[in-house]
Amino acid sequence: MRTWLAVLLIALTSPSFAQNGGKILHITFQAAETGFDPVRVHDYYSGHVLEAVYDTLLTYDYLARPAKLVPNAAEMPEVSADGKTYTFRIKKGIAFTDDPAFKGKKRELTAQDFAYSIRRFFDPKNRSPYAFLYTGKIVGLDALGEQAKKSGKFDYDAPVAGLQTPDRYTLVIRLNESDRDLPYVLAFPVTSAVAREVIEAYGDESPSHPVGTGPFYLKRYVRSSKIELARNPGYRGKVWNFDPGDNPRFREIAERMKGKRLPAIDGVDISIMEETQSRWLAFQQGQTDWEYQLWDISPNFMTDDGKLKPEFVRRGIQLDRTVDPEIVYLYFNMQDKVGDVPNPFAGFGKEKIALRRAVMMAYNIDDHIRIIRKGQAVHAQYPIPPGVVGHDPKYVSSIPYDPAAANALLDRYGYRKGKDGFRRQPNGDALVLRYYSNPTERDRMYDELMKRGMDAIGIRMEILKDRFPELLKMEKQCRTMVKHAAWIADWPDGDNFMQLLYGPNTFESNNACYKSPEYDKRYKKSRTLPPGPERDQLYHEMTRIMETDSVWLLVDSRVRNTLQQPNVIGFTKHPVLHAEWMYIDLDPKTQY
Amino acid sequence: MLAYTLRRLWQFIPTLGGVVLLVFFVFNFVGGDPAYLLAGKIPNPETIANIRKQLGVDEPYAVQLWIFVKQILTGDFGASWSTNERVSQIFATRLGPSLTVLVPLLMISTLLGMAGAMLVAYVRGSLTDRAVMVACTVAQSVSILVYILVFQYLFAYQLGWFPVQGWGVTFMDNLLRYAVLAIVVGVAVSLAPDVRLYRTFFLDEINQDYVRTARAKGMSETRIMWVHVLRNAAIPIVTNVLLQLPGLLAGAFLIERFFGIPGIGREVILAVERSDFPIIKAVTVYVALATMVVNLAADLLYKAIDPRVQLK
Chain A
8 MRTWLAVLLI ALTSPSFAQN GGKILHITFQ AAETGFDPVR VHDYYSGHVL
58 EAVYDTLLTY DYLARPAKLV PNAAEMPEVS ADGKTYTFRI KKGIAFTDDP
108 AFKGKKRELT AQDFAYSIRR FFDPKNRSPY AFLYTGKIVG LDALGEQAKK
158 SGKFDYDAPV AGLQTPDRYT LVIRLNESDR DLPYVLAFPV TSAVAREVIE
208 AYGDESPSHP VGTGPFYLKR YVRSSKIELA RNPGYRGKVW NFDPGDNPRF
258 REIAERMKGK RLPAIDGVDI SIMEETQSRW LAFQQGQTDW EYQLWDISPN
308 FMTDDGKLKP EFVRRGIQLD RTVDPEIVYL YFNMQDKVGD VPNPFAGFGK
358 EKIALRRAVM MAYNIDDHIR IIRKGQAVHA QYPIPPGVVG HDPKYVSSIP
408 YDPAAANALL DRYGYRKGKD GFRRQPNGDA LVLRYYSNPT ERDRMYDELM
458 KRGMDAIGIR MEILKDRFPE LLKMEKQCRT MVKHAAWIAD WPDGDNFMQL
508 LYGPNTFESN NACYKSPEYD KRYKKSRTLP PGPERDQLYH EMTRIMETDS
558 VWLLVDSRVR NTLQQPNVIG FTKHPVLHAE WMYIDLDPKT QY
Chain B
20 MLAYTLRRLW QFIPTLGGVV LLVFFVFNFV GGDPAYLLAG KIPNPETIAN
70 IRKQLGVDEP YAVQLWIFVK QILTGDFGAS WSTNERVSQI FATRLGPSLT
120 VLVPLLMIST LLGMAGAMLV AYVRGSLTDR AVMVACTVAQ SVSILVYILV
170 FQYLFAYQLG WFPVQGWGVT FMDNLLRYAV LAIVVGVAVS LAPDVRLYRT
220 FFLDEINQDY VRTARAKGMS ETRIMWVHVL RNAAIPIVTN VLLQLPGLLA
270 GAFLIERFFG IPGIGREVIL AVERSDFPII KAVTVYVALA TMVVNLAADL
320 LYKAIDPRVQ LK
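Line by line, the protein sequences are chains A and B.
Going by this note's numbering, the first residue of the first sequence is number 8, and it counts up by one from there.
Going by this note's numbering, the first residue of the second sequence is number 20, and it counts up by one from there.
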């Protein structure tokens, strides 16, 4: 018995629970992945693995801010004068990792692989959540998709006028209209190249058999639990050579990383840990090398002025602090009816605008950041967040927090209080704000802040709770009256945010179902302009129009605090790239 | 006994039918539309329509229900809507981790529960009995979440006796390293209610005539308790343990989430969050079937343990 106990004790107390050979980065995902077939992925975390396993045509410079496109599997494209034709030259000698689907032969990446991968978005069987990236853009491709919906079979060999491969290494994409976002789309991990043989060999199992040309390959996979990536031995390799500019932190990184062959680490060990306590304790125990998903408990390790607490500094823990390229906003549905119920908050009359503005002026964003975000967010003033092209750090929203002025505004426009203490509409009808939220702890805090604001201005508020899928459906059907929503950049260009209020995007991404001819006119024009002062001016005007109409209240953008163990070298959060694993190193000599 | 077994098996059909109807209508009317979840950030009506078509949720309800029935008959629930993994594969790979935790947990908690219950039943009415009952009431009132948070913090982080979370490759590695703390938490949570419940089973037996007769015959207290009382009290205890198992498989999600165990419970929660109906259907049907089978097995076991029991 004693011997058995001794064996058990030794087994339980053996050092480092996660030891592996080589330099292995240990990290966590906060939610389970859905798989690694690029066209089928529809969650945030799977995209990280796509980025590490596959290659896109273009990618981003690791240190340039705002993010800047650079060549990846292809050189930068040649663009025709009318902006409708993009020609990409694929780099020669890039090989897929070995797989039985290749029958023992080395398989080179070609232009055909990219053309095939783009076609896959239109195969109805793939029900790709990112088909919108190409919808209506490439000449002839939508028609092929429509044909497949009717016939039930997508013809991958049918010619597509907008997708040509004149030779093994040249891909020509012809667009219906000029689209300046296309290069960004082609740097998006879901547009990576897959090999047709692999997809056909694994069929519906393709999400668990990623075979790419990227810096890592999938070594071991236990769904929803463990993802182990190993360095791709056949990877073409890159040398760390990024310009740090004047940023002192980037200079420090460059000093330690410059000249290293990438990837510098041997693998990545990803554990799915849904619970904050598990992630926090695992990081503290040294089971993981970095952790950022700790918003709820940030006071445990951050000071009020946004610095790491001294006890962590003493342990050599490093902090990378950056604002996520996202916005959270409170929106009003602009449809006259929400479902079958008349919407007292819709309309462009002065009294309606005053009503919406009063609600916005009663929502305390400072409290929101202090209570809900634990201080780890910045007040969003502009629809385009920091790190995204088009962001204006000097812009100040014209909607202040001022409940007294909000009350005065409501009084002025005839929203009188009844005997019950709540305001009624100018025509005497009841006034009820229906606010929608999920039944989660965080959303309960949103509810309370909203309720506090509405009580301050005497507006009766009903909170309607539903599960996330149902709320999502209602939102996309314009059936939510007032709700908080969020948007994170798909690519680092202002257009990705300004499209959220474009009229024709109603029932898609325009949650407010807002239709303003003035806004739409400027948005259409902005699509034809390159990033620069002229486009920025249009974005300013569009933002003022939105504010004047009082459709959105911009709330905040979260600050991402990434804690790293002392052995991590060269990490900084990129605004768009997720898998920074490619650009960092681990110091095996550092003990912690 | 054969006639009884066949009759009970026959009763499975209407019971399972009820479960199928309930799950089907609950999912379709309050479960949320999976197409919107799968349609990504910018869904358009065409994308939604295509996804609904591919999933088959645009079919009339009668057709969808018939597909559900066929899936039960063939045992093939298709593939997960969100990951495309075969449902059979999900069960095959998640059952092992769940059982690695649950089987030792049930065994240990049952043995400890029985030992504790027998002890306090033997000294019933004493200070020890009262103190244990008060302690059990208090322990039972504490949420499982508190046990998990405290044990994980204390034993894994502060004392470093166990990993905070994780799951390895080999069975022994998992059983002796990663599952231990989860088992300890599970035992701690279930011990108090088990002791209270089993104590009543023991008290029922201690007060029986056969115990008095045994004492009158001069039999030792040890023999009375360990042979006669224990054997008779074991009948409801076995029933209770067996009935817990199916529910525990799907219900241990908190333990699995906190300790990173890739088991069935965690998968069920994921499926609910993602409106992944094939998995929800399979889990519900399997748990219902397992409950019915275990119920039947428990009744048959009753007969085997106690010949006085009549099966009707």
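Just so you know, the hints here were simulated from the structure itself, not pulled from any lab data.
Note that beta-carbon positions come from the ideal geometry of N, C-alpha and C, so glycine has one too.
Among the hints, erroneous ones may be present.
[Stated by the list, open to error] In silico SDA-like cross-links for lysine to any residue, where the CA-CA straight-line distance does not exceed 25 Å: (1) K226/A with G115/B; (2) K267/A with K233/A; (3) K160/A with V146/A; (4) K344/A with I225/B; (5) K344/A with D331/A; (6) K160/A with P265/B; (7) K156/A with K60/B; (8) K424/A with D462/A; (9) K60/B with T310/A; (10) K99/A with R175/A; (11) K132/A with Q83/B; (12) K233/A with Y299/A; (13) K580/A with V146/A; (14) K344/A with R250/B; (15) K89/B with W245/B; (16) K60/B with K424/A; (17) K522/A with T555/A; (18) K531/A with P64/B.
[Unchecked claim] Examples of chain B residues toward chain A, derived with CB under 8 Å: (19) P53; (20) K60; (21) A150; (22) A154.
[To be verified] Simulated restraints on C-beta separations: (23) S305/A with L195/B: 32 to 40 Å; (24) E469/A with L195/B: 48 to 56 Å; (25) E448/A with D228/B: 51 to 59 Å; (26) E292/B with R459/A: 23 to 31 Å; (27) G147/A with P64/B: 17 to 25 Å.
Hint by hint, here is what the structure shows:
1. K226/A with G115/B: holds (21 Å)
2. K267/A with K233/A: violated (28 Å)
3. K160/A with V146/A: holds (20 Å)
4. K344/A with I225/B: Violated: K344/A and I225/B sit about 71 Å apart, past 25 Å.
5. K344/A with D331/A: Roughly 35 Å between the alpha carbons, so the hint for K344/A and D331/A is violated.
6. K160/A with P265/B: Given that 25 Å is the threshold and the Cα spacing comes to 42 Å, the pair is violated.
7. K156/A with K60/B: holds (22 Å)
8. K424/A with D462/A: holds (12 Å)
9. K60/B with T310/A: It is violated: about 35 Å lies between the C-alpha atoms, which goes past 25 Å.
10. K99/A with R175/A: With a Cα-Cα distance of about 9 Å, the restraint between K99/A and R175/A holds, given a limit of 25 Å.
11. K132/A with Q83/B: Since the Cα atoms of K132/A and Q83/B sit roughly 19 Å apart, the hinted pair holds (cutoff 25 Å).
12. K233/A with Y299/A: The hint holds at about 18 Å.
13. K580/A with V146/A: violated (37 Å)
14. K344/A with R250/B: Violated - the C-alpha atoms of R250/B and K344/A are around 69 Å apart, more than 25 Å.
15. K89/B with W245/B: violated (50 Å)
16. K60/B with K424/A: violated (40 Å)
17. K522/A with T555/A: holds (14 Å)
18. K531/A with P64/B: holds (22 Å)
19. P53: This interface hint holds because 7 Å falls under the 8 Å limit.
20. K60: Holds - the Cβ of K60/B comes within 8 Å of chain A, reaching about 7 Å at its closest.
21. A150: violated (29 Å)
22. A154: violated (26 Å)
23. S305/A with L195/B: 32 to 40 Å: Hint holds: Cβ distance 36 Å, inside 32 to 40 Å.
24. E469/A with L195/B: 48 to 56 Å: holds (54 Å)
25. E448/A with D228/B: 51 to 59 Å: holds (56 Å)
26. E292/B with R459/A: 23 to 31 Å: Roughly 29 Å apart at Cβ, these two residues keep to the hinted range, so it holds.
27. G147/A with P64/B: 17 to 25 Å: Taking Cβ atoms as reference, G147/A and P64/B lie about 22 Å apart, which means the hint holds.
Against the hints set out earlier in the document, violations occur for numbers 2, 4, 5, 6, 9, 13, 14, 15, 16, 21, 22.
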